[in-house]
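So the chains spell out like this:
Protein chains: 4
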Amino acid sequence: MTLFINDYSEGCHERILEALTRTNREQTTGYGTDPYCEEARAILRREMNCPGADIRFLSGGTQTNLIAMTAAMRPHEAVIGAASCHIFTHETGAIEATGHKVLVIPDDEGKVRPAGILAMLEEHDMAPHMVKPRVVFISQSTEVGTIYTREELQALHEVCRAHDLLLYADGARLGVGLTAKGCDVTLADMAKYCDFFCIGGTKNGALFGEALVLVNPVLQPDFLYIVKQRGGLFAKGRLLGIQFAELFRDGLYYELARHANEEAMRIKAALTALGARFQVDSPTNQQFIYLTAAQADALRQRVTVDEQWRRDNTVAVRICTGWATRPEATDALIAALQQTLQ
Amino acid sequence: MTLFINDYSEGCHERILEALTRTNREQTTGYGTDPYCEEARAILRREMNCPGADIRFLSGGTQTNLIAMTAAMRPHEAVIGAASCHIFTHETGAIEATGHKVLVIPDDEGKVRPAGILAMLEEHDMAPHMVKPRVVFISQSTEVGTIYTREELQALHEVCRAHDLLLYADGARLGVGLTAKGCDVTLADMAKYCDFFCIGGTKNGALFGEALVLVNPVLQPDFLYIVKQRGGLFAKGRLLGIQFAELFRDGLYYELARHANEEAMRIKAALTALGARFQVDSPTNQQFIYLTAAQADALRQRVTVDEQWRRDNTVAVRICTGWATRPEATDALIAALQQTLQ
Amino acid sequence: MTLFINDYSEGCHERILEALTRTNREQTTGYGTDPYCEEARAILRREMNCPGADIRFLSGGTQTNLIAMTAAMRPHEAVIGAASCHIFTHETGAIEATGHKVLVIPDDEGKVRPAGILAMLEEHDMAPHMVKPRVVFISQSTEVGTIYTREELQALHEVCRAHDLLLYADGARLGVGLTAKGCDVTLADMAKYCDFFCIGGTKNGALFGEALVLVNPVLQPDFLYIVKQRGGLFAKGRLLGIQFAELFRDGLYYELARHANEEAMRIKAALTALGARFQVDSPTNQQFIYLTAAQADALRQRVTVDEQWRRDNTVAVRICTGWATRPEATDALIAALQQTLQ
Amino acid sequence: MTLFINDYSEGCHERILEALTRTNREQTTGYGTDPYCEEARAILRREMNCPGADIRFLSGGTQTNLIAMTAAMRPHEAVIGAASCHIFTHETGAIEATGHKVLVIPDDEGKVRPAGILAMLEEHDMAPHMVKPRVVFISQSTEVGTIYTREELQALHEVCRAHDLLLYADGARLGVGLTAKGCDVTLADMAKYCDFFCIGGTKNGALFGEALVLVNPVLQPDFLYIVKQRGGLFAKGRLLGIQFAELFRDGLYYELARHANEEAMRIKAALTALGARFQVDSPTNQQFIYLTAAQADALRQRVTVDEQWRRDNTVAVRICTGWATRPEATDALIAALQQTLQ
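First to last, the protein sequences are chains A, B, C and D.
For the first sequence, this note's numbering gives the first residue as 1, with consecutive numbering after it.
For the second sequence, this note's numbering gives the first residue as 343, with consecutive numbering after it.
For the third sequence, this note's numbering gives the first residue as 685, with consecutive numbering after it.
For the fourth sequence, this note's numbering gives the first residue as 1027, with consecutive numbering after it.
Calculated directly from the structure, the hints in this document are not laboratory data.
Just so you know, even glycine gets a beta-carbon here, dropped at the ideal spot from N, CA and C.
The reader is advised that the hints may include incorrect statements.
[Claimed, not checked] DSS-like cross-link-like pairs, simulated, lysine-lysine; straight-line CA separation at most 30 Å:
#1 Lys1207(D) <-> Lys1218(D)
#2 Lys192(A) <-> Lys181(A)
#3 Lys523(B) <-> Lys474(B)
#4 Lys474(B) <-> Lys816(C)
#5 Lys876(C) <-> Lys865(C)
#6 Lys1158(D) <-> Lys1218(D)
#7 Lys816(C) <-> Lys876(C)
#8 Lys132(A) <-> Lys192(A)
#9 Lys816(C) <-> Lys1207(D)
#10 Lys132(A) <-> Lys1158(D)
#11 Lys132(A) <-> Lys474(B)
[What the hints assert, rightly or not] To spell it out: a stretch of chain C is covered by chain A in this simulated footprint if at least three of its residues, at any positions, have a beta carbon under 8 Å from a beta carbon of chain A; those stretches are:
#12 693-699
#13 707-718
#14 735-745
#15 775-787
#16 885-894
#17 905-915
Whole structure, please, built from the sequences with the hints as guidance.
So this is what it looks like as C-alpha cells:
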C-alpha cells in the first residue's frame, strides 16, 4: 500500500547515489572543506546571486533550525513565528532547549504577517521583564502548504529592517514552495529578503541534508563553532556537498519539486471535484482536508495517508506527495478517494 | 504622591528589622544551616502539617520559580500555565533559558483548569516530536488577583496525580490569597494538594525572601545543588530564616495580608459604587479596571497607579495595595477616584 | 598524495552503497521505526547478548556524545573523563553547552582509572558547592589509540556500581579497539560492563552513523525525546539501519577494522625498526610519534599525515590508517618514513 | 566559640541597619530605579573615575559571576581562570550550566598570568573544534588571599586587549585586596584595567549584595535583561543601593576591610613566630597553613577554623578574619595557636 504520509518515505534520486558511488573511494579532507562542498557553494551562490553568502551543509531540519537560532540570538532574545510553525509544534522544544522563547501568532494560512510582528513587539516593550524579539521565523512553503509571495517576503523584510529583527526562512520544503503555481519567488529572492534561510534536501531528492545560507554578514562570524558544538559538523562533509551540487547543477532540485506539486495538484483537482472540505488552500505537495470518521476509516482500507487528529466525527487528514511519488500511485489514491468520498 | 503600583514599594515590617538588629553580631554558619532557618522551617512545617517538607529560603520570585522548574524537569519536559502566568509574561524567558517550554492556556480569571490540562496533554501526545508536559504551574493568588478554592486545588491535584504531573503553586502573593474573603484554603491545604509551592515574603512584610516548599519527596534529592548552581544559595542564609520565623511565629504574615486585602476591598467598594468597569472580579489586593484615556489622565494628576496598557480610548489600570498601605492614603485614592470617575 | 590524517577521508564500503541502492525506492516510515532499523537492532542485540538494550542510530560522534550526556544527567551532575578525551578537547564545549561540567584526569595512555575516579569523588564531596560526578566517560579505543582490557573494564564497572556512577564508552573507534592485538573485549563485554556506549560507523566503513546502545534501563525512558530535541532524530532513519545491518550481519565491521589495524601495525613495525620516538604504545590504527622539525618538513613533501603541534624543534605527528587504506599507500608511507627518519 | 571559618558569619555593620531602618517606610519604585541606587552609582562612578560605567547591584557572588559570564559570551566562547578560581571549584558548575566551559591554569598563588593566557590561546587554535577563549577571570584578592599589583593588572589588560579578550575581576573580597599591605591598586585602577568587575558587599560589612561594574561599553547593551532572566533583579533594589551608598559614602568599606586585614596580620605574625608552615604568603584576611592531624585536633578544641582537607597526617587549614572580628577573639585564637603549635 503506497504511503502518502510524508515526502521522505523513499531514499534519494538515483543521480545522488550515482554521484556518491562515483566519488566513493576518493580521499578528501573533512568537515566541509572538500572540493565538492566548494563546488556546491559556488553553484548555490551563483544561483542566488549572492557571492557573499556563507553556506553550511547540515544533516537534518531540526538540527538546522536550532543551530541557526543558537547562532543568531543572545540569551534574552526570542523568535517570532506562526502558531503552526515547526519549531513551536514538532521539534520537542529544541529552541527552548537552547534557551530561547518562541513567540507565536495564530494564522489560518500558517503565515507570519507584518501586523502580527508589530503587535508582538508592542506587547513585549516592557524591558527588561520580557524577552526581546530578535528573529522572525517563517517557512517557505509553510506547515500548511501555503506560500509567501515576493511582495509578502519584501514586506516582512522591511518590517524586520525597521525594527532590528532578523528574517529566517525554514526551507525544508523550499523546492515545492518555489515551484508552486502562483509563486513568484526565486532562490535569489530568498537571499535578497531573508537574513538567513535553509534549502531542504531531505524532502526533495537528497538522501539527506539541508543547506543553511547566511546572507547577513552579522550572522557569519564564528558560525562553524556553533555547528560543531551542537553536533552538526559532518565529518564526511563532502557527502552533503556532492548531493547539493547534483541537485542544483542543472535544475534537478526544481524538476523533482515540480513533480511533487503536479501529483498533488491532480489530487487536489479530484478532491475539489468530489466537493471535499479543505482545511486550507494549498498550492504545494501537501493537501489538507477534513473527512468524516466513516470516510477516514474507509479510506484507510485502501491507502495510507496522514491522519492528524480525530475529534467527534471529524478527522483531519494530510495527503502528502513527494519527488518520488509514482503517477500510478497517485491514480490509485484518486480512485480510492473517489470511492470513499462519493 | 502615594504609590499604588505594587506591593513592594516599602521596606519591611518593623519587627523584621528589629529581629535583624537584635541578632546582627551573632555568628552563625552559612547557607541556611543556622538555627534561625531551622526554627523557621520548624514553624512552617508545623503550620502546614507536613513534617516531611523540605523548605528552602530564596531571595526573589523569578529565582524561586526558575530553580523550582530546573529541579523538577528533565530536558524534554514542559510546564503548563495560564496565559497570564508570571513565568510566561514577566520573567524574561527565565524558564526557557533553563531549557524548558512554557505551554499556556488563555483564561479570563488567570487560572489553570483540569479541562485545560487534559486538552494540553492530548495536543502533546505525539512523542517524541513534542515536549512532554510535566509540571502544572498555578499562582495563588493569580496574576489577576483571583484565588483557587480548596475544591479547585483538589481537582487540579487529582488530574495531576492521574497523569503523572507535578503541581506547583507560585505563592508570591500567597498571603493575600489565603486571607481573601471566600478563600477556604490554608497553608496546610497548599501542602496537601501541591507537590511544591512557594510562600512569598517580599510582597508581604519581609525585607525580601521566598520560602520554597518541596512536599513531594521526588523533588527533594540534591535540590540544594540546583539552588547553588543557579545563584540562589544565600551566604547569610540566616537573614531569610530570621524573617520567616518572625512572619510566621504568631501570625504576622496573615495579619499583614489581611490589611492589604481590607484596603483593597475599600477601594473595590468605592469603584463598584462609581460603576467602574472591572477587568476581573478580584477578592485580593490587586484591583483591575478599565478607564477612558481622559479618566486615566485625570487620575494620574492625583495618585500613582499602574497603567498596564492604553489602546484607542481604553486604559487598563491596576491598583495595588500592600501590607504597608496607610489607610489615609487609601482614603485619598478613593477621593481621587470619585472625582475622576464621577 | 595519500592522506593518513584520519579514518574518514573516504566514503564507505561498497556493500553499504549497494544496500542503499537496492532499497532506494522502497517506502518506509521514518525516524527509525522501519524494518531495517529493527533488523539492525536485532542483529546487534544478539551479538552483544543483551536483549533488553535500547539501540538508537545517530548521525555523528559529537551528536551522539552530547545526546547521551544530556539524557543521563541532572543539571548539577558532571562527567569524569581523561584529560585527552574527545568531549573535553575537540567538541567545542558541546557537553558544557548542555550545562554539564567535564572533570578530567591526566593520563599518558588516555585512560580513566579507578583510582582517578575515587580521587575525583573525594575532591567533590563538598555538597552542594561542587558539581556531583555522575558519568564516567571512556573511549574504546582511546584518543591515543590504546585499549581497555576486559579486566580494566570490569574494574571501572565495579567502581561505578559502588559509587552510583554510570559508565559510558565512546566507541567512535570501537572496531579497531575490539580487533586490536591484545584486546580480549567483545561487544558483549561492552554491553556487560558499560551502562551505555556507542558503536562508531563513520570511521569504520559506514557512510556515516553511530549506534548508541542504552544497556541500563534507567537511561531508556523518554530517551527519544532527547534525540529529537537535540536534532539527532534522522527523518530517513532507515539509512542508518541499512548500514548497521550490513556492517554487523556477517562481521564486515570487524573485518574492516582488522584491516585498518594491520596496516597500522606494518607502519608501527617500520617506525620501531627506524628507532622512532613514540608518544604512546598504540595497538590500533592511530600511531603517535615525535619528529624533529626537519623530519616533519621532509615527510610532508611525500605524504600527508596529521601534524598535531610543533614547539621548538619537536613536532607531534599522528599517522592514521583506516578501513579503506590501500596497502600500496601504506608501502609508500613506509618508504617515505624510511627516507625521512634514517 | 568564635568562628574563623569565613567572613560572612555575622550580619552587617550597624550603619547599614540604621540606614535601612531610617528609610524603611519610604516608597520607591523597584528594580534599581530608585534614588538610593542612583546615589550609590554616582558615588561609585566618582570613586572609580569612570562616568560611563554601568553599575548593577546583585544579591550574591555566584549570581553575579554567572550573570556577568552569561552576558559576556556567545555560546562557543569560554572563560580562562586559575585552577583554584571560585567559578571552577565552588559554584556547582554555574558557568557550565549557562553553557560555557571554564579553562583553568594551575598556579600556586591562585593567579592568572599573561604567559598562561597565551599558552591557553595557542592550545585552542583549532577552530571550530575547540571552544574560543573570550573572558579572563581573575579574583582580587584571589581565592588563596594573594593580590594582583597594578603592574600585574596592567599586563593582563594588555594581553587581553591584544587578543580580543575581556578581563573580569571577581571582587567578592575586593575590600581586603585593595587595602592589603603592598597593594598599589585603587578602585579607579580596577575600572581602568578591567572590562568588568564586581565589588563584594556580603563579605565586607553589607547585609548582602555585590555591585557589578560594566566598564567596557560592549558589555552594557541589554544587560538588565540578563539580570532579570537569571533571577538577579531585586524587586526592592533600593536595599542594595542604600547599602552601597553607606559603604562608599565616606570610606566605611575600606575601613572595615582594613580591620579584617589587621586582625589577619596579627595572626600571621603569630604563626610566623611559631614557625608555622604556610600554604601561601597571603597579605589579606585569609591565612592558609598546614597542621599535623594532632595539631588540628587540638586546635579544634579551642577555636573553630576552616579545615579544608585532611590526608595522611596533613591538615590544610584556612583561618579567616572579617570586618566584624573582635580583637579579643583574635587574641584568643592566637593564644590557642600558641598552645597548639608550640
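Verification of the supplied hints:
The suggested pairing of lysine 1207(D) with lysine 1218(D) holds, with an alpha-carbon distance near 21 Å, which does not exceed 30 Å. Distance hint between lysine 192(A) and lysine 181(A) is fulfilled; the C-alpha atoms sit about 21 Å from each other, no more than 30 Å. About 37 Å separates the Cα atoms of lysine 523(B) and lysine 474(B), which puts this hinted pair outside 30 Å; it is violated. The suggested pairing of lysine 474(B) with lysine 816(C) holds, with an alpha-carbon distance near 26 Å, which does not exceed 30 Å.
Taking the CA atoms of lysine 876(C) and lysine 865(C), the gap is near 21 Å; set against the 30 Å cutoff, the hint holds. This hinted pair checks out: lysine 1158(D) and lysine 1218(D) have alpha carbons roughly 25 Å apart, not beyond 30 Å. Restraint check for lysine 816(C) and lysine 876(C): satisfied, since their Cα atoms lie roughly 25 Å apart, inside the 30 Å limit. Between lysine 132(A) and lysine 192(A) the CA atoms are separated by roughly 25 Å; this keeps the pair inside 30 Å, and the hint holds.
For a cut-off of 30 Å, the pair hint linking lysine 816(C) to lysine 1207(D) is broken: about 39 Å separates their Cα positions. Only pairs whose Cα atoms come within 30 Å are accepted, and lysine 132(A) paired with lysine 1158(D) is accepted, the gap being roughly 26 Å. This hinted pair checks out: lysine 132(A) and lysine 474(B) have alpha carbons roughly 26 Å apart, not beyond 30 Å. Using a Cβ-Cβ cut-off of 8 Å, 5 residues of the region 693-699 of chain C lie near chain A, which meets the minimum of three, so the contact claim holds.
Coverage of the region 707-718 of chain C by chain A holds in this model, with 8 residues showing a Cβ closer than 8 Å to a Cβ of that chain against a need of three. By the rule of at least three residues with a Cβ nearer than 8 Å to a Cβ of chain A, the coverage given for the region 735-745 of chain C holds, with 3 such residues. A count of 5 residues in the region 775-787 of chain C with a Cβ less than 8 Å from any Cβ of chain A is obtained; the coverage claim is therefore met, three being the minimum. Residues of the region 885-894 of chain C with a Cβ under 8 Å from some Cβ of chain A number 4, which satisfies the need for three, so the listed coverage holds.
Counting residues of the region 905-915 of chain C whose CB lies closer than 8 Å to any CB of chain A gives 5, so the stated coverage by that chain holds, three being the minimum.
This entry does not satisfy hints 3 and 9, going by the numbered hints stated previously.
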